[in-house]
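Protein chains in written order, with the numbering used here: chain S, 1 to 815; chain P, 1 to 112.
Because the hints were derived from the structure by calculation, they are not lab data. Warning: the hint list may mix true and false statements.
[Unchecked claim] Which residues of chain P face chain S? A partial, calculated answer using Cβ under 8 Å:
1) PRO15
2) GLY18
3) ASN23
4) THR24
5) GLY27
6) GLU35
7) HIS48
8) PRO52
9) GLY56
10) VAL58
11) ASP60
12) THR64
13) ASN69
14) LYS98
15) GLY109
By construction, the Cβ of each residue, glycine as well, lies at the ideal position given by its N, Cα and C atoms.
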Amino acid sequence: MTQKQKLVLIGNGMAGMQAVEDILKKDSAKYDITVFGAEPHGNYNRIMLSPVLAGEQELDDIVIHSKEWYAENNITLHCGEKVTALDSTAKTLTTEKDNNFEYDKLIIATGSSPFIIPVPGKDLPGVISFRDINDVNMMRDAAKSYKNAVVIGGGLLGLEAAHGLQLNGMNVTVLHLMPTLMERQLDEAAGHLLQKELESRGINVITGADTQEIIGTDRVEAVRLKSGEEIPADLVVMAVGIRPNTELGQAAQLDVERGIVVDDHMQTSAPDVYAVGECVQHRGQCYGLVAPLYEMGRVLANNLCTDSLENYEGSITSTKLKVSGVNVFSCGEFLATEDSEDIVYRDPGLNVYKRLVIKDDILIGVVLYGDTADGPWYFQMIREQKNISDMRDMLIFGQAYATGGGQDADPFALISALPDEAEVCGCNGICKGDIVTAIQDKGLTTLAEVRSHTKASASCGSCTPQVEMILQATAGDAAVAHAIEPVCGCTTHGHDYVRQQIREQGLKSIPEVLQALRWSTPNGCGKCRPALNYYLLCQWPGEYNDDYQSRFINERAHANIQKDGTYSVVPRIWGGLTNANELRAIADVVDKFDIPTVKVTGGQRIDLLGVKKEDLTDVWADLNAAGMVSGHAYGKSLRTVKTCVGSEWCRFGTQAAMTMGIELEKLSWASWTPHKFKMAVSGCPRNCAEATIKDFGVVAVDSGWELHVGGNGGMVVRATDLLCKVETEEDVKEYCGAFMQLYREEGHYLERTAPYVERVGLDHIKAHVVENEESRKQLYQRFLISQRYAQIDPWAERARDKVHAHEFSPLAQVG
Amino acid sequence: MTTYWIEVGQINDIPPLGARTINTKTGRIALFRAEGDKIYALEDRCPHKNGPLSQGIVHDCAVTCPLHNWVIDLQSGEARGPDQGTVPTIPVKITDGKIQIAITAEATGTND
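Work out the full structure, taking the sequences as your base and the hints as a guide.
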């Protein structure tokens, strides 16, 4: 038996481990593999630190290789043990613990370090970089106790840090030395659009800002610019660039310039010593994006495992910014030169900007802002150096137009038209062909499987729609059954995607949605139309025209249809409190309209059952006259606020539950929600109002109010989760409105709060409603704005103003 | 049995993708305005549990019953999908935007 060769990897990061994975794929028996990592973790996906900071993912979600994985693949891992010396002649290396190891082949993948600008105060506590999980943890901790953050550097990483810190509730200022943001990836126009967008989100941006000093005694207090301006800062994040880690290479006397110099085979100046990743300099270039690192890894793995040597020829990179809701894409040469020509498209209304740079009929660069869907297609053409003269007139409008088909083009046809070499996932450098092959060879049927086998869409996730379409086009029906639950049979899109597109494309009517998202039916069905109507109403309060014919009959007739086709009428009884006047009016309509059944409901109201449809408007007119309004017992909206008698009467009561209940009902009545929404207020922990099985439950305690969410007393009983405790009535209202708004914005249509809370997790709700005051206040504000348009009594509109009169009378009487 | 064409109203009396009802001596008729302003008349009873189809959501050439979400094809009156059942349909004529439906003498309450 021949002895296996010893392969050692220095650097347990994405580049090196990708090479190791590719080696295992090529020939898992060839090497005994040992890995050294300076960080005390397994390998995680560094480009996903931004989503972790933004609270969208946790460390566990971004681990690529757990410690178990190394054991399963017979790889020896030395975590937290730095390699300090290398002797490439003797083929040995030494670690900081003075252990010596031999190797036959060595891969250096030591990555890079953040560049710290040498200004006074750079070592103060509170000044950090944005490079690893420790930095993210420090930022998240800082956000809990401090207010002001300054990010130095308006590049990709800096802006993602700024976005994440803002989501964590901090006041963020971005200082950027150059006149426009992301000047290495974006041209001036796109940089300005980006700045405007970030500023509209409340991020303060100062360009041309040259940092002179970081001020503070025990901790950072402010940043002073050369202009003399001082910006208060409790936290400073330096994100001005990276520097390849070359110390080991230098000590070993390898050829080192900016990075460790490698040839096209990824070999350094020493035999059997290779290098990949951010520590490398190849043909004069250093890379800081993940796709080139992976390409290097693939080439190296091939050259270490087979006899046919491959060359790495450098990478054209594309850039996407991972800030949710901001779509930016660029690649290639986008700065105009004398012999290049620009095609520019600008729509300030939709905030769309596209610029194509062409030289000798070949596309050499592209900058997209706002609409980036065609980014991968342009990227592909740049890489292929395709002659574009025959589609030049339509090129700027994207693939659908330039290749025929126009806006009716089938998205599946577009995906099918993509060549196998077209890159789909820019983060991980995965081409369409890789995905198709994996689906076919391994019989993959779910997005999760495709992600775990190919890593496509497993990083920033912005290519998820394309990957899903490839999955569906390749695996056919088998895929659909497992994919994200579509809204209904008219579409393959899930609820979240549809809402995102409504928001991002600014879609403002149902026909627009159906067209933009290529519904398969001309006007939807009884399932999707009410959902879309709700999503549009929620997204564009005061602007969207409610589509009456897309409402379920109960919400059209403002009463509950019963099994015999008659209706039930439930007037609002605020907080369950009524009086003789209201009761008399109710009794009178029962007599006048011969209403057969009068029932006290579980929500402390009175239900009048068996009302003929033709009588509804007259019944409402009489109830309106006594001061009563619709109880929305028929709607996907706020239903009741149940109360106990509270400290107003009860000898055990600690707070005024009835008053609180009425306040909450006045705040939230007539709001439309994804599904019905019920509340209750109990005046003491005995909880007589059963608040802990409501969507939002309030239980009074001596020192204030406990707020509970996500309860349900229906088919599946679920007790609420405790959200938090607050002190004042005003707090209760603010938290209530914020929670309702979060549910309104994130809930799937017909999803009650109980499954919603389980789907998104209580931590997510706490993060937005409890821990982040800014986010809570914004949610509450959006709720109040929406209520301004919603709080109109639909009964009065119909009884008095004769709105939709046709609904309540037959067209004709025959005989 | 004798049938009559009776004028019941105009297309514009029915909201697009909506419905109106016509009361007769033999029960209620639902008049639908479907995609492309096509008008259909059916008995206003779902074959499942007699739900009032006129109160359902109209889409394409079908209506979803408000009681249990059966989907009824407006042209044939047949239930779509896995459900089985048929709603009697009533002939409709459109002249200059005016709607006429064919109903029996019995429905008009006259004895011929």
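Interface restraint verdict for ASP60(P) against chain S (beta-carbon cut-off 8 Å):
Holds - the Cβ of ASP60(P) comes within 8 Å of chain S, reaching about 5 Å at its closest.
Let's test the interface hint: is any C-beta of chain S closer than 8 Å to that of ASN69(P)?
holds (7 Å)
Holds or violated: the hint that PRO15(P) contacts chain S, with Cβ atoms closer than 8 Å.
With a closest approach of 6 Å, the PRO15(P) hint holds.
Close enough to count: is the Cβ of THR24(P) nearer than 8 Å to one in chain S?
holds (4 Å)
Can you verify the interface hint for GLY56(P): is its Cβ closer than 8 Å to any Cβ in chain S?
holds (7 Å)
Using the nearest Cβ pair, does HIS48(P) come within less than 8 Å of chain S?
This interface hint is violated because 11 Å lies over the 8 Å limit.
Quick one, is the GLY18(P) hint okay against chain S at 8 Å, beta carbons?
holds (5 Å)
Go through the hint on GLU35(P) and say holds or violated, using the shortest Cβ distance to chain S against 8 Å.
holds (5 Å)
A closest beta-carbon separation below 8 Å is what the hint needs, so does THR64(P) meet it against chain S?
holds (3 Å)
Can the hint on GLY27(P) be confirmed by a CB-to-CB distance to chain S that is less than 8 Å?
Hint violated; GLY27(P) Cβ to chain S Cβ min 11 Å, cut 8 Å.
Interface restraint verdict for LYS98(P) against chain S (beta-carbon cut-off 8 Å)
violated (12 Å)
Hint check: is the beta carbon of VAL58(P) less than 8 Å from a beta carbon of chain S?
Given a least distance of 7 Å, the restraint on VAL58(P) holds.
Consistency note: the structure conflicts with the earlier hints numbered 5, 7, 14.
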